[in-house]
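Chains as they are written, first to last, in the working numbering: chain A, -7 to 222; chain B, -7 to 222; chain C, -7 to 222; chain D, -7 to 222; chain E, -7 to 222; chain F, -7 to 222; chain G, -7 to 222; chain H, -7 to 222.
Among the hints, a few may not be true.
As the list claims (entries may be wrong) - Below 27 Å or equal to it, Euclidean Cα-Cα: the simulated DSSO-like pairs (lysine-lysine) are:
| # | chain 1 | residue 1 | chain 2 | residue 2 |
| --- | --- | --- | --- | --- |
| 1 | E | LYS48 | G | LYS48 |
| 2 | A | LYS48 | F | LYS48 |
| 3 | C | LYS48 | G | LYS48 |
| 4 | F | LYS48 | H | LYS48 |
| 5 | B | LYS48 | E | LYS48 |
| 6 | B | LYS48 | C | LYS48 |
| 7 | A | LYS48 | D | LYS48 |
| 8 | D | LYS48 | H | LYS48 |
Calculated directly from the structure, the hints in this document are not laboratory data. Computed from a predicted structure; not experimentally measured.
So you can see what is in the structure, the chains are spelled out below.
Number of protein chains: 8
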Amino acid sequence: MSVGDEFVLDFARPERIGLEEAIYAAGKSPVQIDAILEAAAARGASLLLTRLDPDKHAALAEAHRRRIDYCGVSRTAIFGTPRPLRGPSRIGIVAAGTSDVPVAREAERTLAYQGHAATLFADVGVAGLWRLTRRLEEIRALPVLIVAAGMDAALPSVLGGLVASALIAVPTSVGYGVAEGGRTALDAILASCAPGITVVNIDNGYGAACAAMRWLHAARMLASAASEPT
Amino acid sequence: MSVGDEFVLDFARPERIGLEEAIYAAGKSPVQIDAILEAAAARGASLLLTRLDPDKHAALAEAHRRRIDYCGVSRTAIFGTPRPLRGPSRIGIVAAGTSDVPVAREAERTLAYQGHAATLFADVGVAGLWRLTRRLEEIRALPVLIVAAGMDAALPSVLGGLVASALIAVPTSVGYGVAEGGRTALDAILASCAPGITVVNIDNGYGAACAAMRWLHAARMLASAASEPT
Amino acid sequence: MSVGDEFVLDFARPERIGLEEAIYAAGKSPVQIDAILEAAAARGASLLLTRLDPDKHAALAEAHRRRIDYCGVSRTAIFGTPRPLRGPSRIGIVAAGTSDVPVAREAERTLAYQGHAATLFADVGVAGLWRLTRRLEEIRALPVLIVAAGMDAALPSVLGGLVASALIAVPTSVGYGVAEGGRTALDAILASCAPGITVVNIDNGYGAACAAMRWLHAARMLASAASEPT
Amino acid sequence: MSVGDEFVLDFARPERIGLEEAIYAAGKSPVQIDAILEAAAARGASLLLTRLDPDKHAALAEAHRRRIDYCGVSRTAIFGTPRPLRGPSRIGIVAAGTSDVPVAREAERTLAYQGHAATLFADVGVAGLWRLTRRLEEIRALPVLIVAAGMDAALPSVLGGLVASALIAVPTSVGYGVAEGGRTALDAILASCAPGITVVNIDNGYGAACAAMRWLHAARMLASAASEPT
Amino acid sequence: MSVGDEFVLDFARPERIGLEEAIYAAGKSPVQIDAILEAAAARGASLLLTRLDPDKHAALAEAHRRRIDYCGVSRTAIFGTPRPLRGPSRIGIVAAGTSDVPVAREAERTLAYQGHAATLFADVGVAGLWRLTRRLEEIRALPVLIVAAGMDAALPSVLGGLVASALIAVPTSVGYGVAEGGRTALDAILASCAPGITVVNIDNGYGAACAAMRWLHAARMLASAASEPT
Amino acid sequence: MSVGDEFVLDFARPERIGLEEAIYAAGKSPVQIDAILEAAAARGASLLLTRLDPDKHAALAEAHRRRIDYCGVSRTAIFGTPRPLRGPSRIGIVAAGTSDVPVAREAERTLAYQGHAATLFADVGVAGLWRLTRRLEEIRALPVLIVAAGMDAALPSVLGGLVASALIAVPTSVGYGVAEGGRTALDAILASCAPGITVVNIDNGYGAACAAMRWLHAARMLASAASEPT
Amino acid sequence: MSVGDEFVLDFARPERIGLEEAIYAAGKSPVQIDAILEAAAARGASLLLTRLDPDKHAALAEAHRRRIDYCGVSRTAIFGTPRPLRGPSRIGIVAAGTSDVPVAREAERTLAYQGHAATLFADVGVAGLWRLTRRLEEIRALPVLIVAAGMDAALPSVLGGLVASALIAVPTSVGYGVAEGGRTALDAILASCAPGITVVNIDNGYGAACAAMRWLHAARMLASAASEPT
Amino acid sequence: MSVGDEFVLDFARPERIGLEEAIYAAGKSPVQIDAILEAAAARGASLLLTRLDPDKHAALAEAHRRRIDYCGVSRTAIFGTPRPLRGPSRIGIVAAGTSDVPVAREAERTLAYQGHAATLFADVGVAGLWRLTRRLEEIRALPVLIVAAGMDAALPSVLGGLVASALIAVPTSVGYGVAEGGRTALDAILASCAPGITVVNIDNGYGAACAAMRWLHAARMLASAASEPT
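Bound conformation, chain A alone:
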């Protein structure tokens, strides 16, 4: 079995679930990734790659790298052409601390790749509540919020009591001691007494963006249902 048999690209995914195929690069070798890019290129398709370490990025074929827009902070690569932006930003991405910015950027670039603008708010954690409150009106005006927070992840709880917007929290692995790895942040958000907060996997900025896009899709379904005679 050749490398080409080791993957099956899912180009029908957008029709099925409204989301583009993306490649999780962490568990794959440069040889496998190059073969995947080859297949995408042959079809004229674009691809988003997540968790692509700088070393692995550097090991890709020169011809592929030339077509890649790479971001070292979020370790994401956009191969080919992203979709054009679809209008004004309706999604806020809130990073509790400066150290949570890489995860926030992964979400931002995943959205941008599929044509969605987003507004980033950084370092608004609750240890200094004034940093949050001075931006609260801006944040509250956005219907969908992605909130990246590590350590004790108290920000989603506090936001959950202040805004009516939809909330997708991303726990991050930022922290040490009991916070190391992000399990504490994850569990704290799940245990929040502020109602209606949802969560994705630790450091999963990509998944949070996908969830936001599912919700935009749902909103379109609701809007078209509302305009139908019932």
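Given chain A, put chains B, C, D, E, F, G and H in place with the hints provided.
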């Protein structure tokens, strides 16, 4: 300090975050709950109570119990009058197995309390995929899906690859051995390779319903933004 | 070896560490507890008992129960005479939710037993931030704060960013799913990005009160050192 | 005690349990491994080495390396001559994602070393169910299936509801956040509601292959028992 | 939605995966179970129920209980008529200790329900190796072995080095301290250095029996393939 | 969004909670840290940096490094001018073993940065109780004690029974096997039967120092309250 | 298979490993235990039963109960005649707190059953070090020490630095919060920096006594070897 | 405070507890270790260093390295002169697999440093029981056994049922998946149904040797007590 000082009801919550106050009964004594209901009654307010065990329900004041609509399966109580239903069902609640029905019912009653209809699909887990596929078109037509699943919780992953709808998964504590308590179900959903699935706490049907209502609110914000001149 | 050999009361403790002997009743039989009370009575000493379940309390010798001030909410018993109160309250006890009141009461009664007044603030959790802010000035005026919080325990983090007072957090076992048992609350507080918060064991209202009394002792040492010529 | 006293090769193993001796290289030094290969060579025996990192492989004696067939993807080495293939493939090896291929290859090479052909199916995970269903008939026709899956490992559950074949699942350590290390994949498979799935240790492609060979042995015992007069 | 909508019986399961539908009773109410039995009776079908506590069994409708063969040791119920036995025993069920017998019996009755005889060996754990060795020849003669063991679960490891038969281990929750709940037994088996042992969930005698039946099915597929011209 | 938007310095923190802003360097890039130092320099402010690895320190701008007092043992950097010392040492820092010194030094330098002297006691763990007892009088004379201990962390328990001073324990990640990462040390301190010990996160010397400063603040509040007419 | 086939008593154990057969009653039914006692009685053998709850003891056959010496504190039963005592006490059993006495008693009775005297020291935990030091000379004079301690289990560490005797620690499940279940006590002892402390399972007073008897046996082997010409 | 204040050597330890001071090098810097060796040299004392990585060994002062006997396999260093051997070997060290040899060597060298001979048995794990049985008589003749085993650690259980000698088990961190880190090995030994096995921390060959030396001391105490008139 009297019992009346031990709680502060948040009647301004709907204006602030679009969700009604609800009482988590598990950690409270019948004396505390009766005092809370007293305060609500004095104000003419309704209340939703979650995690109210049958024994605790039976220990409440007779006058309060007469005004309560109690459901033993989901251990929820609606005190006073719920909001009128706001139109056709746009939310599906999918229970992977028969044992997941209590959690699904908690979500259903939370939605109903605030005026939202929902459609329940039970016992459509992936061990017999035909049970899911025969209902798939109905499920796919609903923009928002709450999915309750215990044990290995493979259902959200499979659904996530088949529908474009928004997905809120509720892991349940159904199961034994490594499944006991629901941590395996929770982690399996978080680790899902189907993109864009969000999660709430184990057995938290109430929270899943609140998340759905946040999203309906976001959809209304998006709709009104879309109809504004930009 | 008789029951009388199974315990050794530490009546010299106040001189050594400034704290009275107390009896952890959870792991002891009524026979053992009665023998301990007998020994205390013989010496004319008072005793605080913690974790004394109502059933165990009811199983104690009638003569002992007559000398006990029992609180079923906090499961504490004061045997004999507590110390007289030493002046106005300098310690605040903040309970995030109504369900955290039993732990707060354990701290309050431990302090009272040794002659310290305290002020209780209940149901001021961050899910409705206004409940906290309307009491903030009162809370801020107290130099020492004990904060009991379960679930995600975001309250200590938020308070830690708002007040300069000393903070002793007590995670509580209130909650279900990932919050069950209190480990999430404990870890969230330890991981807090608000600096200078200290923690005691889950549900350990007694220990939090002891820590507060150690700090009052330290303050007296500092005050007398300050008044000495250096 | 010399290095030669630090190991005892089990050349009688095939007669006893039907499986060849194999060397787990991860915890052994190149000096120890060279001594083991020396002993095998002296006896004219072949050996399979698992978990042999490229660096450790490169550190082995040149004379040994010349007799080794090394696979960097699966980190396995075959020293000497494997057994000839025993007929057509009866075993399927199914890798849920491209990142699970190394574990699948370890199983494939363990089988090949003992003379068993196998058929590999890669990237057929349930996030895009069509990738599985288009190969389902081929998979169903094989009596024994090894299924390697990481992250949420939903594939064995889905397959368990679709095929009657014997199923040996291998959870893999592919994934991040709650999936890191493979415990989530392991527990999800153990908790599966599809009946009759068995599991081996995380990333243990070698063990899955051995289990398959035990079952082929059992089938031969059953077949010879069936042909005997009872 | 009525109780009848809360379950969907999978009567096509035998054709699809070779295993009969079974009902996991632990998470279901007597009302739900009675409705399920009603549906099975209406169709003339038999059913196996697992994890049916004596109290729940006693709460079932009298008419249903009359048709049930109940075993309190294994908490299994056979409703209706099991299949006739299909020939001599080819499956051994080995219980390491007396306390593991309930799990072994669950496996035995699951097999019997589908027409398979099995031979039980009890209290042959490795703390007294002679108890195992005196039965070893009998055990070795059976092609398929189910091994139930709790605490440190050393028995599967030792057996794995002594027999060539197929091995399905069932860790049990027998034990206290670090053994409580069965996780230690499970992990010890997964970590075994004896090659080719497979595992099912803790206390899952039912699943072990299903795995054994899958393997018997695989053996039949192999046998019929062997008799075909290749 | 530029790097300058990724952080918001909290220069009002001393007024609010009595503690200076500090920068947790572990999750930040040299680019981010240089931007932060730039902003502080522009305002004429000093800054404490914690968890600054030697490599990251070396990667900072030369102009910044010239203004930094760096300590490789504790990985802390003081940028600009620390506050002048405020009088004699009232705080003891006790390191159970030599390996706990880095954490003790982090606490010492955090205190020094804000003008507080401290006295360090090293290698006084309980395995050789004489090492503790020969320093006990010195230790007992200090009103506030920070105790850093790894492995089994028995030192805080023993000290807690010997001194009346306030106790802030810092579990350290020193150790291997079950002690690795510091969870055992943390839990042992939390479970201590010596009353009134408080804890901060593993290896959090910075947080212990902040807690000590909160308590000094509380003592000043108590002292001024005591001198007021009540 | 009858109940009599569910167990195999190991009467040859004393000859093989120097320890009498004992019955772990927790996982066995009264029917099974009665059958075991029957078999022992038939052979004229004595038996020790551990973990025999009062309810289960009361459910045994009256004829058996008459021959049992039952201790409700330690839940142990001695059936038949224990061995006569073999001389003065050489073994100390040290219980850190009053709540650890049941585990200490299990060890004491296991030793007594096989003819070994022991000396019990109760409530000598390190929270009040004087309680330990006043008994230290007595303790130090005993060559073998069993130390039962729960919560933070600091006592074995402290003793390990003070005495040269052999130390077998038994962590107990006494405690709440992070101490619940005994894992913290177990890990703290394993992580102790006092060298040469050994551990048995949580609450395993029986196992500690068996370890002590193994060591007495080893001492006899050493003594007889010393008296031989080498 | 200088480096010389960061440690306090415990030269009185042999008189107090019969064991020489030893230095745990893992958490110490070469600067600290050199200072410790300096202090020992100044006093004419020898020292054992454990967990000294080759890199750290190479970084020590040349003058110190010349006086060190270093073993890279066990990462132990003997500084100065070990004690002369005290007679024939009475201690067996049994390594279950080749990968467990480093831990066994740490025990062997710790014993040798204090003058005790030991006999090493390697690769006698239970996966091939004949490897154990062919050495069993030799092993059984030694009164004290240290048993190092990783993965499932079934060897101590099996040995515990075969020999009467004293057993000190050392779980090792050898293994992957659920075995990684050694927790499974540790728990399996603690849960063993073979009575009287004691355990030390994972990979703690040093501690096992110290435990053995405590027992030899206890045997001397017992022997001298036996020869006294009682």
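| message | Hint compliance check: list the failing hint numbers for this structure, sorted ascending. | response | Every hint satisfied by this model.
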